[in-house]
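Enquirer: Chains as they are written, first to last, in the numbering used here: chain A, 1 to 283; chain B, 1001 to 1294.
One or more of the hints may lead you astray.
Cross-link-like lysine-lysine pairs, in silico, DSS-like; alpha carbons within 30 Å at most [said to hold, decoys possible]:
id	chain 1	residue 1	chain 2	residue 2
1	A	Lys280	B	Lys1144
2	B	Lys1056	A	Lys143
3	A	Lys143	A	Lys233
4	A	Lys176	A	Lys280
5	B	Lys1208	A	Lys135
6	B	Lys1107	B	Lys1208
Computed Cβ-Cβ distance ranges for the label pairs, DEER-style [as the list claims (entries may be wrong)]:
id	chain 1	residue 1	chain 2	residue 2	range
7	B	Leu1078	A	Phe198	46 to 56 Å
8	A	Phe198	B	Glu1103	29 to 39 Å
9	A	Thr33	B	Lys1208	20 to 30 Å
10	A	Ser278	B	Ile1236	48 to 58 Å
11	A	Thr33	B	Val1275	34 to 44 Å
12	B	Ala1187	A	Gly73	49 to 59 Å
13	B	Thr1105	A	Arg195	38 to 48 Å
14	A	Val178	B	Phe1118	27 to 37 Å
15	A	Leu29	B	Ala1082	45 to 55 Å
16	B	His1235	A	Ala262	21 to 31 Å
17	A	Glu247	B	Gly1195	52 to 62 Å
Everything labelled a hint here was simulated from the structure, so no lab data went into it.
Just so you know, even glycine gets a beta-carbon here, dropped at the ideal spot from N, CA and C.
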Amino acid sequence: MTTAPAQAGWRFRQPSVIPGFGLMLGFSLAYLTLIILIPLSGLVWRSAALGWADFWAIVIDRRTINALGISFGAAFAAAVVNVVFGTIVAWVLVRYRFPGRRIADAMVDLPFALPTAVAGIALTTLYAPNGWIGKLLMPLGIKVAYTPLGIVIALVFIGLPFVVRTVQPIMEEIDKEVEEVAATLGASRFQIITRILFPGLAPAIITGFALAFARGVGEYGSVIFIAGNLPYKSEIAPLLIVIRLEEYNYPAATAIATIMLALSFVMLLVVNLVQSWSRKRYG
Amino acid sequence: MADPEIKSYEPYHESLSAAVTESRPVRAALMIVAFAFLGVFLLLPLIVVFNEAFAKGIGTYTEALASPDTRSAIRLTLLVAAISVPLNIVFGISAAWAIAKFEFTGKAFLTTLIDLPFSVSPVISGLVYVLLFGAQGLLGAWLKAHGIVILFAVPGIVLATIFVTFPFVARELIPLMQEQGNGDEEAALSLGANGSQTFWYVTLPNVKWGLLYGVLLCNARAMGEFGAVSVVSGHIRGLTNTMPLHVEILYNEYNAVAAFAVASLLAGLALVTLVLKTLLEMRYGAEIAAVRGH
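Here chain A stands alone, though its shape is the one from the complex (with noise of 0.2 Å):
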């Protein structure tokens, strides 16, 4: 089957000496199909089987508009706090040489190695109001912990290293020389960052955005000790499921999570074509 042509001159795959296709490839989709594909299809089915009125019934449920609104706003607050922060620590990081470097550029990674409940509940102790941080924003009557405030915060802390990690390359790809030209041909410090250096780091910094922005979404484990976790207020979409799944409301769980799917996919969909209009605009 693997080398079978279908058609004159379409061949499958490509000769090579090289051995184990079948083996290897086949390996490989029997575990992707029954690990990932198979139960993401159960997922779908189910939802299909709901009835499209049934499904809409669900996700027009106000606290699940809510619970939906919330995990994209605040994912999407998160996202461009990340991009702004997240951007000049990359820059920092990339242009300036400073003792400890190495340490803080490793230091970037921790929210992908740190368990996400362990941040939870260390995001939540430190804004708590008789935290170390909470304590000096309750004077100012600022609410961190369990409000939406401290999901964005969380979403902050998971969603940091896409933005930097994604930007941090193309940084070090710049060639100086090209800030040299514009420098000599009289251009000034700023419009060299906005002529020249931003539009050939704007797909990296849309492309962390989006990461930060679909970790987000998603993100539980973080969240649900600082959010208060309030229906209507501060209750995420995952959370939500979660409930549902709980109260053996596996209908309302299925479709929610069929929605939260959909929409991701239409938004990773949207930000690959703002992406590839952002190549052609600026190649």
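We have chain A; now place chain B onto it with these hints.
Expert: Here is chain B on its own, set in the frame of chain A:
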């Protein structure tokens, strides 16, 4: 660290350097912003974990870790990682072999599918197994009739963990093996090595550091996964509680010291992972393809 680049950032001509790098106050301001951000968002949470864990002294700390429930959580976490990580290594190697060493139709699509678990919420990763194996699930009745328990037991936890850690090894090895090309393998084969000799003596040594890098990240996630495991575990103390789930239970019982004691072990794991990862990047950067961008 001696860095030859450092010279080019020093002002060598006042007016030109002003346009090639930021002015001193701007540089200072940017560095302060970056440090403050990293300090508040990354360093402080880490410090809090250890501070809270030792808040009531080292005696309470060790006592919390010695409790039977905590020890069984540690055992379960190690067991789950010991099953799911090797399985994903085998998958990662075979997928990378097929994708990097051969040209075939649908390759790009397959590569996209491998990354799919990264764009699925952990809760949904758990949910799909509940829909499949749960009492109301597609296979629920059949499993019950045959006395097979998957959900709310170790097999379900392992499956959910495999799902969320699925891409780590593969996505590390694929670009690395693509970059290395087929030359070494073709040479070995033409000199008379068979397929498995080629793999063990040529390919594997070529990718070992990249593989280790992927395994490191895979393991960190496998031991730390919360959302997916939480959905399929059933939270049975001493039986189906992994370390992250145990942290949650202790925290919700207002047993902060014990919660942070267990959390400190996981934070320690994260720190060890980061140190090893940084060492790998420093020493074998060229032999690890996707050093950035995880």
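Enquirer: Confirm or reject each hint.
Expert: Each hint tested on the structure:
The suggested pairing of A:Lys280 with B:Lys1144 is violated, with an alpha-carbon distance near 56 Å, which exceeds 30 Å. Straight-line distance between C-alpha atoms of B:Lys1056 and A:Lys143 comes to about 27 Å, which keeps the hinted pair within the 30 Å bound. Restraint check for A:Lys143 and A:Lys233: satisfied, since their Cα atoms lie roughly 14 Å apart, inside the 30 Å limit. At roughly 23 Å between alpha-carbon atoms, A:Lys176 and A:Lys280 fall within 30 Å of each other, so this suggested pair holds.
For a cut-off of 30 Å, the pair hint linking B:Lys1208 to A:Lys135 is broken: about 48 Å separates their Cα positions. About 24 Å separates the Cα atoms of B:Lys1107 and B:Lys1208, which keeps this hinted pair within 30 Å; it holds. Between B:Leu1078 and A:Phe198, the C-beta spacing of about 47 Å keeps the proposed range 46 to 56 Å intact. The hinted window of 29 to 39 Å between A:Phe198 and B:Glu1103 holds, with their beta carbons roughly 38 Å apart.
Taking the beta carbon of each, A:Thr33 and B:Lys1208 are about 29 Å apart, inside 20 to 30 Å as hinted. A C-beta distance of roughly 50 Å is found between A:Ser278 and B:Ile1236, which places it inside the suggested range of 48 to 58 Å. Evaluation of the 34 to 44 Å hint for A:Thr33 and B:Val1275 yields a pass: the beta carbon distance comes to about 37 Å. A beta carbon spacing of about 56 Å between B:Ala1187 and A:Gly73 agrees with the range 49 to 59 Å that was offered as a hint.
Separated by about 43 Å at the C-beta atoms, B:Thr1105 and A:Arg195 satisfy the suggested range of 38 to 48 Å. Range check, A:Val178 to B:Phe1118: about 34 Å between beta-carbon atoms, so the 27 to 37 Å window is met. Distance hint check for A:Leu29 and B:Ala1082: the Cβ-Cβ separation is about 25 Å, which falls outside the suggested range of 45 to 55 Å. Checking the proposed 21 to 31 Å range against B:His1235 and A:Ala262 shows it holds: the Cβ atoms sit about 30 Å from each other.
Evaluation of the 52 to 62 Å hint for A:Glu247 and B:Gly1195 yields a pass: the beta carbon distance comes to about 53 Å.
The structure fails hints 1, 5 and 15 (numbered hints given earlier, in ascending order).
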